[in-house]
Amino acid sequence: MSAFDADLRSLAGQAALSRRTVVVTSLATGFAMAVQPIAAQTAITTDANGLEAGEVRIATQDGEIPAYRAMPATGGPFPTVLVVQEIFGVHEHIKDVCRRLAKLGYFAVAPELYARQGNVATMPDVQQIVREVVSKVPDAQVMADLDAAVAFAKASGKADTARLGITGFCWGGRIVWLYAAHNPGLRAAVAWYGRLAGETTPLMPKNPVDLAPALKAPVLGLYGGADQGIPVSTIEQMKTRCQAAGKTCEFVVYPDAPHAFHADYRPSYRSEPAHDGWRRLQAWFRQHGVA
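110 is the number that full-length UniProt numbering gives to position 110 of the sequence shown; each next residue is one higher, with no gaps.
These aren't lab readings, by the way, just hints derived from the structure by calculation.
We put the CB at the ideal spot given by N, CA and C, even for glycine.
Accuracy of the hints is not assured; some may be wrong.
Capping the alpha-carbon separation at 20 Å, the derived lysine to aspartate or glutamate pairs in EDC-like fashion look like this [what the hints assert, rightly or not]:
(1) Lys136 / Asp62
(2) Lys216 / Asp160
(3) Lys206 / Asp147
(4) Lys136 / Asp125
(5) Lys158 / Asp147
(6) Lys206 / Glu236
(7) Lys154 / Glu64
(8) Lys103 / Asp47
(9) Lys154 / Glu55
(10) Lys247 / Glu236
(11) Lys158 / Glu52
(12) Lys103 / Asp276
(13) Lys103 / Glu52
(14) Lys154 / Glu52
(15) Lys136 / Glu64
(16) Lys247 / Asp210
(17) Lys158 / Glu55
(18) Lys103 / Glu64
(19) Lys239 / Glu250
(20) Lys239 / Asp210
(21) Lys103 / Asp160
(22) Lys216 / Glu250
(23) Lys216 / Asp147
(24) Lys239 / Asp227
(25) Lys136 / Glu199
Simulated DEER-style distance windows between Cβ atoms [to be verified]:
(26) Ala48 / Gly157: 17 to 23 Å
(27) Leu203 / Ile44: 30 to 36 Å
(28) His275 / Asp125: 28 to 34 Å
(29) Gly185 / Ala73: 25 to 31 Å
(30) Ala73 / Gly198: 38 to 44 Å
(31) Thr21 / Ala155: 22 to 28 Å
Hey, can you work out the whole structure from these sequences and the hints?
Given below as structure tokens:
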């Protein structure tokens, strides 16, 4: 057992002593309040034609959490992709990403990973989201909920979880790195502008840079060179640690792209790096057996 998994099990044991009630029992409709107004001229909308898509419930150790699931309407079992939310939760953009993956032939599922801590969809600004919800979400809880999402997919009979991938954005980009160090059954991971270093807390005891030796799957990191929240120096640090540990990691830094360059509903959207990153995601999954 790695030190990271030992830390997570310890935290999970602590959490078991004070289980939280699931307070978010259904997903948000539309976009989170904190990202209004939506840049309608660039927002991409993927229809559900030919898909089975919608809200589902995932059984966890302490109840059920809501999630969004999309897959082709016929055929299967399909390769499986976990989609990890931005800081804004599972709102319309994350649902749309699931539908995009389903159109490519994947079983895509995005669990609401803040379900016990609060509903960020109705909060008007990022500072409130971080203070009242995100800072209270334990990494151990997130890893367990993602494992539960894999179990849900497998039990459906429509998902081939032996071909398991994960992708995530912003807050979820960091989680992608953590999950790649957590689940030995993961085949490939794609992290979009996920934080790599910074302060730790008892609930978030490790940064991705601490976990390079523990990575269990190849990771593609997609970053913006103009991202003021993720210094390029931390990307170089992560690259060096992955190389030293003999891990398969690839980094693409788009020089002029800001944070959230894939978020097509926000002013931060940059079409060229977003499309290039999406193309690279597909190639990475094919290369490493998630197809």
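Cross-check of the supplied hints:
| no. | hint | in the structure |
| --- | --- | --- |
| 1 | Lys136 / Asp62 | holds, 17 Å |
| 2 | Lys216 / Asp160 | holds, 19 Å |
| 3 | Lys206 / Asp147 | holds, 19 Å |
| 4 | Lys136 / Asp125 | holds, 17 Å |
| 5 | Lys158 / Asp147 | holds, 17 Å |
| 6 | Lys206 / Glu236 | holds, 18 Å |
| 7 | Lys154 / Glu64 | holds, 17 Å |
| 8 | Lys103 / Asp47 | holds, 9 Å |
| 9 | Lys154 / Glu55 | holds, 17 Å |
| 10 | Lys247 / Glu236 | holds, 14 Å |
| 11 | Lys158 / Glu52 | holds, 11 Å |
| 12 | Lys103 / Asp276 | holds, 18 Å |
| 13 | Lys103 / Glu52 | holds, 10 Å |
| 14 | Lys154 / Glu52 | holds, 16 Å |
| 15 | Lys136 / Glu64 | holds, 19 Å |
| 16 | Lys247 / Asp210 | holds, 13 Å |
| 17 | Lys158 / Glu55 | holds, 16 Å |
| 18 | Lys103 / Glu64 | violated, 27 Å |
| 19 | Lys239 / Glu250 | holds, 8 Å |
| 20 | Lys239 / Asp210 | holds, 12 Å |
| 21 | Lys103 / Asp160 | holds, 16 Å |
| 22 | Lys216 / Glu250 | holds, 14 Å |
| 23 | Lys216 / Asp147 | holds, 15 Å |
| 24 | Lys239 / Asp227 | holds, 17 Å |
| 25 | Lys136 / Glu199 | holds, 14 Å |
| 26 | Ala48 / Gly157: 17 to 23 Å | holds, 20 Å |
| 27 | Leu203 / Ile44: 30 to 36 Å | holds, 34 Å |
| 28 | His275 / Asp125: 28 to 34 Å | holds, 30 Å |
| 29 | Gly185 / Ala73: 25 to 31 Å | holds, 27 Å |
| 30 | Ala73 / Gly198: 38 to 44 Å | holds, 42 Å |
| 31 | Thr21 / Ala155: 22 to 28 Å | holds, 24 Å |
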